[in-house]
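Undergrad: Every letter in the sequence shown is one number past the one before it in the numbering used here, and letter 22, counting from 1, is 35.
Hints should not be assumed to be uniformly reliable.
[What the hints assert, rightly or not] Below, computed lysine to any residue pairings styled on SDA-like, alpha-carbon distance capped at 25 Å:
| # | residue 1 | residue 2 |
| --- | --- | --- |
| 1 | K208 | P172 |
| 2 | K128 | G235 |
| 3 | K128 | R232 |
| 4 | K208 | D147 |
| 5 | K128 | G139 |
| 6 | K208 | P237 |
| 7 | K128 | F207 |
| 8 | K128 | K208 |
| 9 | K208 | L162 |
| 10 | K128 | Q225 |
| 11 | K208 | R129 |
| 12 | K208 | A146 |
| 13 | K128 | R118 |
| 14 | K128 | D226 |
| 15 | K208 | R232 |
| 16 | K128 | A160 |
| 17 | K208 | I132 |
| 18 | K208 | R97 |
| 19 | K128 | P230 |
| 20 | K208 | G139 |
| 21 | K208 | E127 |
| 22 | K208 | N150 |
| 23 | K208 | S180 |
| 24 | K208 | P236 |
| 25 | K208 | L125 |
| 26 | K208 | G235 |
| 27 | K208 | Q113 |
| 28 | K128 | Q174 |
| 29 | K128 | S100 |
| 30 | K128 | N171 |
| 31 | K128 | F149 |
| 32 | K128 | T204 |
| 33 | K128 | Q113 |
| 34 | K208 | G152 |
Note that these hints are calculated values from the structure, not bench results. Computed from a predicted structure; not experimentally measured.
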Amino acid sequence: GGVPRRASGRRGFLLAAVVVAAATTALAPASLPGASARRTPAPQLHRRAAALLGSGGAAAWGGPLPAAAERSRTDGYEVQRPEREWSASLSPGEYFVLRQGGTERPGSSTLLDEKRPGIFKCAGCGGELFSSADKFNSGTGWPSFAARLPGVEEEDVNPVQMAILGSELRCARCGGHLGDVFADGLLFPGTPAFKTGRRYCIDGAALVFYPQDGTAPVRGEGPPPAPWNCLSG
Numbered sequence: 014g015g016v017p018r019r020a021s022g023r024r025g026f027l028l029a030a031v032v033v034a035a036a037t038t039a040l041a042p043a044s045l046p047g048a049s050a051r052r053t054p055a056p057q058l059h060r061r062a063a064a065l066l067g068s069g070g071a072a073a074w075g076g077p078l079p080a081a082a083e084r085s086r087t088d089g090y091e092v093q094r095p096e097r098e099w100s101a102s103l104s105p106g107e108y109f110v111l112r113q114g115g116t117e118r119p120g121s122s123t124l125l126d127e128k129r130p131g132i133f134k135c136a137g138c139g140g141e142l143f144s145s146a147d148k149f150n151s152g153t154g155w156p157s158f159a160a161r162l163p164g165v166e167e168e169d170v171n172p173v174q175m176a177i178l179g180s181e182l183r184c185a186r187c188g189g190h191l192g193d194v195f196a197d198g199l200l201f202p203g204t205p206a207f208k209t210g211r212r213y214c215i216d217g218a219a220l221v222f223y224p225q226d227g228t229a230p231v232r233g234e235g236p237p238p239a240p241w242n243c244l245s246g
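Using the sequences and the accompanying hints, generate a full structural model.
TA: Following this line, the structure appears as structure tokens:
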């Protein structure tokens, strides 16, 4: 047993992504109709890349990571609330991801194996973000999609950075952090991402799934990690 090739984490495809960066250049800068994009002043090594490069992969990742995004999550967004209201209305995990730009532990979301038809909405404001038709199993430990709905805002970066480091995704209504998008879809043959060239890697805690059949919504935040017991083995 080693770690499976597709289970090496959100950034586990960094080296292979360099190879496909040129092939996906035409795909990366494309904008969806009605979707928004904002340019950041300079590229940066996102927190997930730094963690996985330093630790050797998601298997060595012991917990959630703090944020790297510095741009305001309130300026210019339709839904604005004082931070104390966000903190009161969201669970600690949801607040950490959506409002603080954090990253949940891989493999922790209740939505990883969700396969029913429906819509994934923002856990903060209810904005529609992703369709179940675009969801696929990336093996990274985070809910993944091949495309986004217009309610998702995408950081505008150069194609090579998108392929290797990704670009941040936010809810276009409230500015909540969702995850990152990578132009490495060609690394996932047999999935919808292979056709779009994109992999939208999302923190489940940012999402609420609304099944098409009208049954109860499912929040994406997983249970807290079990306490470590030094006597258990």
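Undergrad: Next, verify each hint and record whether it holds.
TA: Evaluation of the provided hints:
no.	hint	result
1	K208 - P172	holds, 17 Å
2	K128 - G235	holds, 17 Å
3	K128 - R232	holds, 14 Å
4	K208 - D147	holds, 11 Å
5	K128 - G139	holds, 20 Å
6	K208 - P237	violated, 35 Å
7	K128 - F207	holds, 19 Å
8	K128 - K208	holds, 19 Å
9	K208 - L162	holds, 16 Å
10	K128 - Q225	holds, 11 Å
11	K208 - R129	holds, 21 Å
12	K208 - A146	holds, 13 Å
13	K128 - R118	holds, 21 Å
14	K128 - D226	holds, 13 Å
15	K208 - R232	violated, 28 Å
16	K128 - A160	holds, 16 Å
17	K208 - I132	holds, 21 Å
18	K208 - R97	violated, 42 Å
19	K128 - P230	holds, 13 Å
20	K208 - G139	violated, 28 Å
21	K208 - E127	holds, 21 Å
22	K208 - N150	holds, 15 Å
23	K208 - S180	holds, 19 Å
24	K208 - P236	violated, 33 Å
25	K208 - L125	holds, 21 Å
26	K208 - G235	violated, 30 Å
27	K208 - Q113	violated, 32 Å
28	K128 - Q174	violated, 31 Å
29	K128 - S100	violated, 30 Å
30	K128 - N171	violated, 33 Å
31	K128 - F149	holds, 9 Å
32	K128 - T204	holds, 14 Å
33	K128 - Q113	violated, 29 Å
34	K208 - G152	holds, 18 Å
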